[in-house]
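Colleague: One-letter residues, chain by chain:
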Amino acid sequence: MRRRLLLVAAALALVAGGCSGGRDALTIYSGREESLIAPLLEEFADSTGIDIDVRYADSVDLALLIAEEGSNTPADVFFSQSPGTVGYLDSEGMLADLDAEALDAVDSEFEASDGKWVGVTARQRVLVYNTEMVDAEDLPDSVLDLTDEQYAGEVAVAPTNASFQDFVTAMRQAIGEDAARAWLEGMAANNSPIYADNSSIVAAVGRGEVPMGLVNHYYNYRALDEDPSQPSLNYVFPGNDIGALLIASTVSVIETTDHADEAARFVEFLLSRDAQEYFSEETFEYPLASGVEPAEDLEPLDTVDTPDVDIGALGADLRSTAEMISESGLL
Amino acid sequence: MLVVSALTAALFAGPLIYLLLHSASDIGAFWSTVTSTAALGPLARTLLLAATVAAAAAAVGTAAAWIVVRTDVPLRPAWRVLLPLPLVIPSFIGAFVMLAAFAPGGLVEVALSPLGVERVTSIDGFTGSFVVLTLFTYPYVYLPVSARLRQLPSSFEESARLLGRRPLATFFEVVLPQTRGAVLAGSLLVFLYVVSDFGVVQLMRYDTLTRSIYATRLIDRGTSISLSLLLGLVAIGLVALERVFTRGLQGTDVRRGARPLVIALGRWKSATVGFMGMLVGLALAVPVGVLAWWSTRGLFRGSTTAGDLVADIGDLAGPVANTSLASIAAATAAVTIVVPVVYLTVRYRSRIGGIANGVVVGGFALPGLAIALALVYWTIDAPAYVSAFYQTLPLLLLAYVVHFGAQAMRASQVALASVPRAMEDAARVLGVSRSARFVRVELPLMMPGLLAGGGLVLLSTMKELPATLLLAPIGFQTLAVRIWTATESAFFADASLASLALILLSGFLTWLLVIRRSEALI
Chain A
26 MRRRLLLVAA
36 ALALVAGGCS
46 GGRDALTIYS
56 GREESLIAPL
66 LEEFADSTGI
76 DIDVRYADSV
86 DLALLIAEEG
96 SNTPADVFFS
106 QSPGTVGYLD
116 SEGMLADLDA
126 EALDAVDSEF
136 EASDGKWVGV
146 TARQRVLVYN
156 TEMVDAEDLP
166 DSVLDLTDEQ
176 YAGEVAVAPT
186 NASFQDFVTA
196 MRQAIGEDAA
206 RAWLEGMAAN
216 NSPIYADNSS
226 IVAAVGRGEV
236 PMGLVNHYYN
246 YRALDEDPSQ
256 PSLNYVFPGN
266 DIGALLIAST
276 VSVIETTDHA
286 DEAARFVEFL
296 LSRDAQEYFS
306 EETFEYPLAS
316 GVEPAEDLEP
326 LDTVDTPDVD
336 IGALGADLRS
346 TAEMISESGL
356 L
Chain B
18 MLVVSALTAA
28 LFAGPLIYLL
38 LHSASDIGAF
48 WSTVTSTAAL
58 GPLARTLLLA
68 ATVAAAAAAV
78 GTAAAWIVVR
88 TDVPLRPAWR
98 VLLPLPLVIP
108 SFIGAFVMLA
118 AFAPGGLVEV
128 ALSPLGVERV
138 TSIDGFTGSF
148 VVLTLFTYPY
158 VYLPVSARLR
168 QLPSSFEESA
178 RLLGRRPLAT
188 FFEVVLPQTR
198 GAVLAGSLLV
208 FLYVVSDFGV
218 VQLMRYDTLT
228 RSIYATRLID
238 RGTSISLSLL
248 LGLVAIGLVA
258 LERVFTRGLQ
268 GTDVRRGARP
278 LVIALGRWKS
288 ATVGFMGMLV
298 GLALAVPVGV
308 LAWWSTRGLF
318 RGSTTAGDLV
328 ADIGDLAGPV
338 ANTSLASIAA
348 ATAAVTIVVP
358 VVYLTVRYRS
368 RIGGIANGVV
378 VGGFALPGLA
388 IALALVYWTI
398 DAPAYVSAFY
408 QTLPLLLLAY
418 VVHFGAQAMR
428 ASQVALASVP
438 RAMEDAARVL
448 GVSRSARFVR
458 VELPLMMPGL
468 LAGGGLVLLS
478 TMKELPATLL
488 LAPIGFQTLA
498 VRIWTATESA
508 FFADASLASL
518 ALILLSGFLT
528 WLLVIRRSEA
538 LI
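Residue numbers (the working numbering), protein chains in the order written: chain A, 26 to 356; chain B, 18 to 539.
Isolated chain A (complex conformation) (with noise of 0.2 Å):
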């Protein structure tokens, strides 16, 4: 008998304190990792004595759940890893306005031309590859490049990963329509061996299993961080190239938002020199407001040069990109 009220009251316990407490805190809802930016969330609490409530998860699943949260959804902010997850947010007319000192921050093509979100970091797409299967001699000049014979079978891809998608999308735009599917085409018959997402290409390039993979710049760094004797490297493409192609980090507010003033003040943390400092030298990645330097192993982002693609455009194309991206074989 009391072990069965011992199991009951455990489980109003339970009830109760799974009920939220009803506090007023701003809910941001975050695609970029805990491991990484969870430091910097807290020094924004601390230092602005605003209580925030993190929601970490991929970013797609994130947008999937404020789409069909709909207006009742308690995120205030949109903290993702890609532009086609908000650009998707922007399609379904859930993103507020962002004020005018934030788009002002960040270079034009870093940020949405409606106004809508705003990029706060890049990463740079490269080419990984192994410093004992492959001479950085042979290495190509433009990512175009790698559907040649010499390299048949040796260059990972990740079909299904969103960085790749927003690369094939902004080639789209650099290169036109043809160019682009021929490029995917001759990809697939080249027999590139496809893998999952950016970590297993590298992992595996490390391992020696396949010799070079299109992935972002971050992974590398922290591959050998783990383990120093890893003989992999990161290549950029050099020039102009579209191979080069930085992606941005992108924030945005939603458009039911009670916390209007905070969230705009989270915007402006984002892009200040504090949070744009953390992440050059915490998460390697490029700071994108103007003047902030990125970590020692990168270069300049002033000497990058990056393609002239409008990343603003990027979040629409996604579903004709993946649909180009299944027909030509790849996937």
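Simulated from the structure, these hints should not be mistaken for laboratory data.
Remember, predicted model here, so these are calculated numbers, not experimental data.
You can trust all of the hints, since none of them are fake.
To give an idea of the chain A side of the interface with chain B (calculated C-beta under 10 Å), a few residues:
hint	residue
1	L61
2	T185
3	I219
4	A347
Short, incomplete list of chain A residues facing chain B, as computed with Cβ under 7 Å:
hint	residue
5	S60
6	D78
7	R80
8	A82
9	L90
10	G233
The beta carbon of each residue, even a glycine, is placed where N, CA and C say it ideally should be.
Dock chain B against the given chain A, drawing on the hints supplied.
Modeller: Same frame as chain A, but now just chain B:
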């Protein structure tokens, strides 16, 4: 009973109804999506993988159960704790470590290279998925079958032995028919698990239906939803098929206090130990070994990154507590909630029971994301007393129950089917009330089976990811979420430490709540 079951069925049907409402507006579009070449190929691959893994897991799980329960294999307590554990390894981390170990250039190759071994066979695609999934899902068969075996009266087997039958023949002619219900129940769960798995097939690069669902979930929601619905329909179809095959499959009733028959292995002892060792070695020792290697490497290297487990392992305390709480609560709730449906399907075989049965099982095959979004849909715009539960722990527990309830239900159905009618009738004749009969006669006899089902839900909940990410209260981090977040940002030492904690915790909880209590009831 009927009303409660109908309500339970409505609860479990939530996700399916959500998918129906959101799918293509007409049957024609749905049909063309699921019969397009883009869908039929993955569907065929899904079914092939599921069928082969189910068969293999059934064989392995049954053999392991028989060896542990019926023979005098050495180190029996160790096997009983270790054998269910591979179920707790999240598939995305399991496949990742298997690849790290066995892929070309992987750790096994590196370790064996001094011995002159050049290249280990690469595992990917179908072979890799088949092997990894079998290793991680055989506990679905092992747990219910060992529960049933432990309770079978040994009189039939003893008679067979006395009549001169060798142990192996006894196994096939006497034991297997008795345990067929448990084997089928477990195999069905394996089949459905493989149908809904994404982590393994994604890393092994085997293109199944779940990959299409994942790839299209944002950019082509209509297709994603139609394909998710297809998964649900496959599950329901399979359950209907299984009902046809198991009609009249009652089997022997169980007895308490019967001393189980123990077969001396004799000269087969070393071979048996070798088999068990290899099974546990591949399914558990290899993943744990790789994780331990990454952890120690990380701990030696040290870390200055704030929040990295390598820097402060005490950070694990919160996730450990949260995971324990959520999984125990979900397991208890799941076993309790499915009881009406179990009764309806086993004792009465009513139509509503059959529908409820199908709907509950359907929930298991659906992607966790679909279940999460369905719960969002049903609660966010509901009246205040319902929407207050949004993103709270009870709602998350409900998501677990809907997703994994099928596991508890199948094990409980097997358990209830083996309660002797004679005892129930005797109790009724003696004037004991319905509820007292349930508590004092049926429940104790069903308990090992119920615990097995609860154990399955426990282990599955501990590693659940998509619904947890979206529905958990803010700040409620589980070990699975911790592992995922570390893996995503490539902090592998961190992920390894959390994974090891998950495996240890699950071993402890399984021993404490399932194995010890089952022992006490024999």
